[in-house]
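Peer 1: Chain by chain, the residues run as shown.
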Amino acid sequence: MKQFLTFVRKEFYHVLRDRRTLLILFGMPLAQILIFGFALTNEVKNARIAIIDPAKDHASRSLAERIGASNYFEIYEDVTNRNRMETAFKDGKIKLAVVFPARFEHDLMHRHNARIQVIADASDPNYATTLTNYITSIVQDYQQELTGTAGLSYRITPQIRMLYNPQLKGAPNFVPGVMALVLMLVSVMMTAISIVREKETGTMEVLLVSPFKPAWVILSKAVPYLILSLVNVLSIVLMSVMVLQLPVAGSWLLLFAESTLFIVTCLTLGIFISIKTKSQQVAMLISLMGMLLPTMMFSGFMFPIENMPLPLQLFSNVVPAKWFYIIVKSIMIKGLGFTAIWKETLILAGIALFFFIISLRSFKIRLDEY
Amino acid sequence: MRTIKFLLEKEFRQIFRNRAILILIMVLPVMQLIILPLAADFQIKNINLSVVDHDHSPYSRQLISKITASGYFRLQGYYASFQDAYRLIEQDKADLALEIPNGFERNLIRENSQQVFITVNAINGTKVGLGGAYLLSILRDFNQSVRTDWVSPTRMPPQPTIEVSPLNRFNPQLNYPFFMVPGILAILLTMIGGFLSALNIVKEKEIGTIEQINVTPIRKHHFILGKLIPFWMLGNIVFTMGLFVSWLIYGILPQGNVLAMYVFVWIYLLAVLGFGLLVSTYTDTQQQAMFVMFFFMMIFILMGGLFTSIDSMPGWAKCIAALNPVSYLVEVMRMIVLKGSGWSAILPHLAIISGFAIVLNGWAVWNYRKTT
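Protein sequence lines correspond, in order, to chains V and S.
FYI, the numbering for the first sequence is 44 to 413, going by our numbering.
FYI, the numbering for the second sequence is -2 to 369, going by our numbering.
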C-alpha cells in the first residue's frame, strides 16, 4: 500500500509539474460548458427569410408584418423578386422565402381562397420543416382572426404542458451531453497518453524492473486523473448551476457517485488503448480522431438513437457516454433517484470491468512487446 | 528550392515509415464517413406517444387512429391513468403523452368546445418543436372534419382561407444524409489536418531532433513549408477519397462547380495546417499540443453550424463562429454539393479563408524560434 501511494505521488508530480496542461485540463471543460451551454440550441431564432410580395395590398402587408414581428424570423430586405431569390438561396443569404400571389387580398376576399407559396432551403431538412411549420401557424392565426368566431364551433383546444424544460432552452439537453463528451475524451486521452509516453521515452522500463507489481504501476497512473476529473465534474456542475441557471434537480451525491463510475470506465478504456499502442501519436489519433465524432453522435444528445439503423443502435450500447448522458439527464434535469437508473449504472460498471480485465490480460511486462 | 526538396523527402520518409499512422489517417475518416451519416438521422419520424383515453368514444378513437396513421408517431400503448403515461416519459420511453378526458365527445358536441391534454418531454428542443407541430396540425385537421360533420354547409358562410403550399428546394425528399455527409467530410478533413500538423513540430521538440534542424542553415519558412506540404497533400487525398465515398455510398455528387470546391479546400487546408503548426510552435510536449488542439476542435466542430444553426446563436457566439474556419468550409461544401452554387457564391468565403491562411501561417513562421 505504501508503495502504491508513493507511485501515486510520483504521478501527481508529473501532472502538477506541467502547468500548461493543467491549465488546459481545468480551463477547457469550463470554457466549453459555458460556450456550448449558451450557444448551442436547437430552437429557431432570427432565421433570415425573404418576403416576395407583388400584391403589396393591405392583407399581404399585415400578414408579412406579422411574420416579421415574430422572433423566429428576420426579414432579408434585399430580395424582392423571384430572380433575386434564386441567387439569395444559392449564396446562403436566406433560408426560406414566402411568395404572395399578385392579387392576394382580392383572392382572399372575393374568391375566398388565396395561396401562399413557402419555399424553404431544405438542404437542412429539419430546419426547413420547422420554419415552414412556424410560417403555417402564423398564417393560420391570421386567418383565424379574419374569420372571427364564426368558424370556431366544436372547438378542440389542446392544453400543452412542457415537462422539465418549459422555456425550451438548449442547456438542459446540451449540458449533460457536453459533460459526458468532455469527461469521456479527457479521461481516455489523459491516461492513454501518459502511459504510452513512458513507453516512448523509455522510462517504462525503469518502472517495470522495480519490485512493484506491473499492474499497480498502471493503476497508480489512473488515480491522479480520477481526482482531476472529479474536480472537473464539480466545476462543470457548479458552473451550470450558477451561470447557466440549470439546477441539479436530483441528488448531488448520486450525481458524483455516478460520475466517479463513469470516469473509472473511461480510465480503463484509456489504459486499454495505451496497452495496445506504441506511440503517443497513435494513441492520440485513436482517442481523438477515432472517438470524438462517434462519441458525439452515439451518446444520443445530438441525434435520436431510435432513428438509427438497427446495427448502429446496437453499437451505441457500447459507448459509455450514452449511458452517462442518460444518467446525468435523469439526475440533473428530471430529478430521478437511483431506482430509475440502476440499469444504466450496471451497464457502465460492466463496461469498466470488461476493459479492466482485458487490459490486465493483455498487459505485457516484457520489453520486446513494446 | 533545393532545401525544400530535401525537407520534403525527409518528411515523406517519416510519414511512410510509420505505417500505423498512415493507415489510421486513411481508414478512420473513410469509415466514419460511411457510418456516421447513417447515425446522424435527425428526421423526426419516430416520436413515441403514449395515450390515455378516458373517453373511449368513436371520436376519441378516430383521433388516435388519425395520429398513429400520420407516420410521425409511434404508439407506445394505451394507459389507464395519466400517472402510468407520465412514468413512461420519465423513463424516456415516450416523448409525448396525449390525455383525452372523460366526456370528450359529449362535451365537444354539446358544449361546443373541449380540451385535450398534451404533455411533452421538452428536454430536446427539436423533437418538441416538430412533434408538437405535427400533433397540433393533426388535431386541427381532425377538428375541421368534426366541424364539417356537424355544421351543415348552408349554415357555414364562405370563409376566406389561406392555403400554404410548401416547397422544399435543393433536397425535396428531405433526405438527411444529403445534409450531413458534406458537413461530416468537412469535419474529418479538419481533424486530420489539424491534429497531424499540431503533433508534428512538437514531436521533434520532444525527442530533440529539432535541434539538428535548428543548427542547419534551413530558413524558418522553408522548415514550415516542408512540414506543410506533405500534410496538405495527404489532406487532399483524404478529401478526394471522401468525395468518392459519398458518391459510392450515398449517391451524392456535387451539384456545383467542383473546381471551385477544390480551390477552396486547397486554401482551407493551408489555413488549418497553419493553425496546427501555430499550436505546435507554442507547446512543448505532444500532450500539450493535443489538449490545445482538442479544445479548439471541440469548439470548431460544435460551433461550425454542422449540428445546430449558427443563426440561432446569441451575438457573441456568432462572433466566435465567424472566427471559426470550419463554419466556412461546412457552408461552402453545402452550397456547392447541395445547392449547386458556383464561384460567385463562394468568393466572400474564399477571401476570408485566404486571410486565415495568411495570418495563421505567417504567425507560425514568426513564432518558430531557432534558438531557445
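Since the hints were made in silico from the structure, they are not lab data.
Careful: at least some of the hints might be erroneous.
Here are the simulated distance ranges between beta carbons [stated by the list, open to error]:
| no. | chain 1 | residue 1 | chain 2 | residue 2 | range |
| --- | --- | --- | --- | --- | --- |
| 1 | S | Ile215 | V | Asn360 | 32 to 42 Å |
| 2 | V | Leu59 | S | Ile317 | 36 to 46 Å |
| 3 | S | Met(-2) | V | Glu129 | 41 to 51 Å |
| 4 | S | Glu6 | V | Gln288 | 53 to 63 Å |
| 5 | V | Leu251 | S | Val212 | 31 to 41 Å |
| 6 | S | Asn15 | V | Gly378 | 43 to 53 Å |
| 7 | V | Gln160 | S | Met(-2) | 24 to 34 Å |
All residues carry an ideal CB built from backbone N, CA and C; glycine is no exception.
Peer 1: Now, for every hint given, state plainly whether the structure supports it.
Peer 2: Verification of the supplied hints:
1. Restraint check, Ile215 of chain S to Asn360 of chain V: a C-beta distance of roughly 52 Å breaks the suggested window 32 to 42 Å.
2. Checked against the given bound of 36 to 46 Å, the beta carbons of Leu59 of chain V and Ile317 of chain S, roughly 31 Å apart, lie outside it.
3. Distance hint check: the CB atoms of Met(-2) of chain S and Glu129 of chain V are about 47 Å apart, consistent with the given range 41 to 51 Å.
4. Here the CB-CB span from Glu6 of chain S to Gln288 of chain V is close to 58 Å, well matched to the stated 53 to 63 Å.
5. For Leu251 of chain V paired with Val212 of chain S, a C-beta distance near 35 Å keeps the hint of 31 to 41 Å intact.
6. Checked against the hint of 43 to 53 Å, the pair Asn15 of chain S and Gly378 of chain V passes, with Cβ atoms roughly 51 Å apart.
7. The hinted window of 24 to 34 Å between Gln160 of chain V and Met(-2) of chain S is violated, with their beta carbons roughly 60 Å apart.
The structure fails hints 1, 2 and 7 (numbered hints given earlier, in ascending order).
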